[in-house]
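J.: Here is what each chain is made of, one letter per residue.
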Amino acid sequence: MPTPTDDVMRTADGTPLKISLQRALVRSRLRALLLVLPLLAFVLVFFLFPIGHMLFRSVDNRIVGSVLPRTAVAIQDWDPDRAKLPDEAVFEALVRDIQAAFKDRTLGRVGRRLNYEKPGMSSLFRKSGRGAARITGAPYRDRMIAIDKRWGDSSTWRLIHRESGALTSAYFLAAADLKLSERGAIVRQPEPRRIYLTLFYRTLWMSGLITVLCLLLGYPVSYLLATLPLRISNLLMILVLLPFWTSLLVRTTAWIALLQTEGVLNDIMVFAGLLSEDGRLQMIHNKFGTVVAMVHILLPFMILPLYSVMKTIPPSLMRAARSLGATPFTAFVRVYMPNTVAGVGAGCIMVFILSIGYYITPALVGGRTGTFISNFIALHVGETLNWGLAAALGALLLGLVLALYLIYDRIVGVDNMKLG
Amino acid sequence: MKRVWSSLAMVAALALAAGSAQAQNLNVVSWGGAYTASQQQAYHDPYMAANPGVKIVNHDLGSGALAKLRAEVESGKVTLDLIDMTAADAIIACDEGLVEPIEPDTWLAAAPDGTPASKDFFAGTLTVGGTNCFIPQIVYSTTFGYRTDAFKGKQPSSLLDVFDLKAFPGKRALEKRPNNNMEWALIADGVPAKDVYKMLSTDEGVARAFAKLDTIKDQVIWWTKGAQPPQLLADGEVVIASAYNGRLFSAIVEKKQPIAIVWDWQAFDLDGWVVPKGGKNLAAVKKYVRFATDTQRLADQAKYISYGPARHSSAGLVGKHAKLGVDMKPHMPTSPENSKTVLISDYVWWADHQAELNDKFNAWLAK
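Protein sequences appear in the order of chains A and B. Just so you know, we're using our numbering here: the first sequence kicks off at 1 and counts up by one. Just so you know, we're using our numbering here: the second sequence kicks off at 421 and counts up by one.
Worth double-checking, as some hints may not be accurate.
Stated by the list, open to error - Once the Cα atoms are required to be at most 20 Å apart in a straight line, the calculated SDA-like pairs of lysine to any residue come out as:
(1) A:Lys118 to B:Glu776
(2) A:Lys287 to B:Lys787
(3) B:Lys697 to B:Asn447
(4) B:Lys488 to A:Gly382
(5) B:Lys618 to A:Leu124
(6) B:Lys497 to A:Ala254
(7) A:Lys287 to B:Asn447
(8) B:Lys645 to A:Thr253
Claimed, not checked - The calculated label-pair distances, taken between Cβ atoms and stated as ranges, are:
(9) B:Asp634 to A:Pro328: 22 to 28 Å
(10) A:Glu182 to B:Lys574: 49 to 55 Å
(11) A:Ile407 to B:Pro678: 52 to 58 Å
Since the hints were derived computationally from the structure, they do not count as laboratory data. Values in this document were obtained by computation on a predicted structure and should not be read as measured data. Idealized CB from N, CA, C, for every residue including glycine.
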């Protein structure tokens, strides 16, 4: 066997070392991948897929096309810009669709779907289902108009024409207080119906306020936790963790008992002569109550990352700064604080993102002025069953959080974040 | 050969016996608390005593039932067998095709005198909102409670007094939804009850209702859960509150709070059963529903909670409270004394306008 003459390093079996090394690397990477595969599959199945599925509902518009298939096809030839009603063939398709849907009991779905766009569609379809069941032959148009004169109104038909496609922008528009006009232009909702932008704005600024308050209150506590002797700091740690482990509902209800007008705090102030009996303060069921209760509930999420970062700052740094002539204040601001930025960033982002999606506490103590956008997502998921709008509101909230996260990454840098 | 057959038959018989001996679970969804307890005592316990093979399992989902039902029906894995819902939710469920249509006279028991179910249940309650999926159990009402120690002299006695801050100063609690509040505002503003919905269909009518609510807006605490208003009254946080009449009964009679009821323009509502579409135990559910909605069972429920049975034939059988011994008839929202003026929700109208008025109401609240 001739020895290779080139100067490539080879293994015992003659393959070049480089290739052999690469193969070994690929094998070990595959093994590593195999180890994380269960987690990957878990994330995909239980996290990405359901979220994606839910978000898809915000544009999904298959109801009209699936319940009224013939009408959805027939109406495509109709020109919605002309005032003329669709012709007899479209009405015949409508009658057949309604008769079939009435029998399958799917007609209510289409009525509810179109009612989101135009109040009254729900009862129109309810009425037409019973009426159309008795129609046996032509003239379909006149008979449908006889059941309800709204079938003779071209605005009804424009709506069906517009919403017969498989995708819709209506939910996202509604989530931004917009709508499509009858002619298909994007316009603002009439003033009395504008609600969601106000709520997004309120959710953002109140979450910001809660984050700032948590930082102001949490920073000194974490500092004490990190610097006091172990015996005392352990006790302090228990005081931080105990409420953290207590049920959310219990803590929220406790705040109601404390803050309500006939509650403990008002009683004490009246007793102390600070308030008159008639001048009791309204401290709950408004913004104030929401902020107080949420700051209390979210405070541990600020304290714990701050503490874990402060614990790693060697006390010798401060002593060195002092020995070099800095005042205690300068040493704290110039040496200690910059070292805690990672913890501040982590705590702030955690508290802010948690509070932006908070729902139970604002629902219980928010009253009229302290509720968040998530309360409306819950309303549309649980009560009105308008999951499309809930998904659109959720998608906007998700987009907002991601955008803020990117901005944060630009300014502070996510690599600098430290959770523990 | 004959022996083989007979032994096979024996095995089959044994398997059948084993099958029937194994308890069949029925998953029943309701509201929890005193309400589920009343159903447990009036329906579930006697049924399980008579049918040892059936075990009824309660699930307290409350108003979350509708979303859970939809999720189950869409995924095709229906585990719930029977759900207790308000009529408004049942209409949504029926429209969305999430529940089974019912045939009253084949599914439900006739009255003791032979009147078929379709005639014995209160008129229109089986076809509420033009649907046919809902089996009513009780009539409940949202009405007003007030603190008897809050006012010297004259006490509130009518809907007008709720809106009268001069004669009856103090905080109010109202439910945080447009339903009932909009109607009450218009009635208190002088609109005849029969014209309320026609009025609310116009922008001016909605504006008029809000204008009336504006007169008390900064004195109102808005509640979202049925347990809140009695608590707010008991704590003295409010002096007048709209609340479910059963909750008020419990605060007044069971907990002896200084609270009294104003029945004027109480808002009637219905609560009843719906059967999820695609449930696995339809036959067993039908058998149970037939029992649980018969004349005696509906009357029995009123021994435990002050909600009116939805059958004409049950009214005469309503007796005393099981524990307190109080005569329940005067506490029923349906008693003639209490129901002189009643607001009856127009479900069809609300199905059309709920989304629109939710937006308007919440926008008004946020202002």
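J.: Are the hints correct? Go through all of them and say.
T.: Going through the hints against the structure:
This hinted pair checks out: Lys118 (chain A) and Glu776 (chain B) have alpha carbons roughly 9 Å apart, not beyond 20 Å. The suggested pairing of Lys287 (chain A) with Lys787 (chain B) holds, with an alpha-carbon distance near 13 Å, which does not exceed 20 Å. Between Lys697 (chain B) and Asn447 (chain B) the alpha-carbon distance is near 14 Å, which keeps this suggested pair within the 20 Å criterion. For the hint pairing Lys488 (chain B) with Gly382 (chain A), the CA-to-CA distance comes to about 8 Å; that is within 20 Å, so the pair holds.
The hinted pair formed by Lys618 (chain B) and Leu124 (chain A) meets the criterion: a straight-line CA distance of about 16 Å does not exceed 20 Å. Taking the CA atoms of Lys497 (chain B) and Ala254 (chain A), the gap is near 39 Å; set against the 20 Å cutoff, the hint is violated. For the hint pairing Lys287 (chain A) with Asn447 (chain B), the CA-to-CA distance comes to about 40 Å; that exceeds 20 Å, so the pair is violated. For the proposed pair Lys645 (chain B) and Thr253 (chain A), the alpha carbon gap of about 13 Å is at most 20 Å, so the pair holds.
Judged by the Cβ atoms, the range 22 to 28 Å given for Asp634 (chain B) and Pro328 (chain A) is violated: they are separated by roughly 56 Å. Between Glu182 (chain A) and Lys574 (chain B), the C-beta spacing of about 53 Å keeps the proposed range 49 to 55 Å intact. Judged by the Cβ atoms, the range 52 to 58 Å given for Ile407 (chain A) and Pro678 (chain B) holds: they are separated by roughly 55 Å.
The structure fails hints 6, 7, 9 (numbered hints given earlier, in ascending order).
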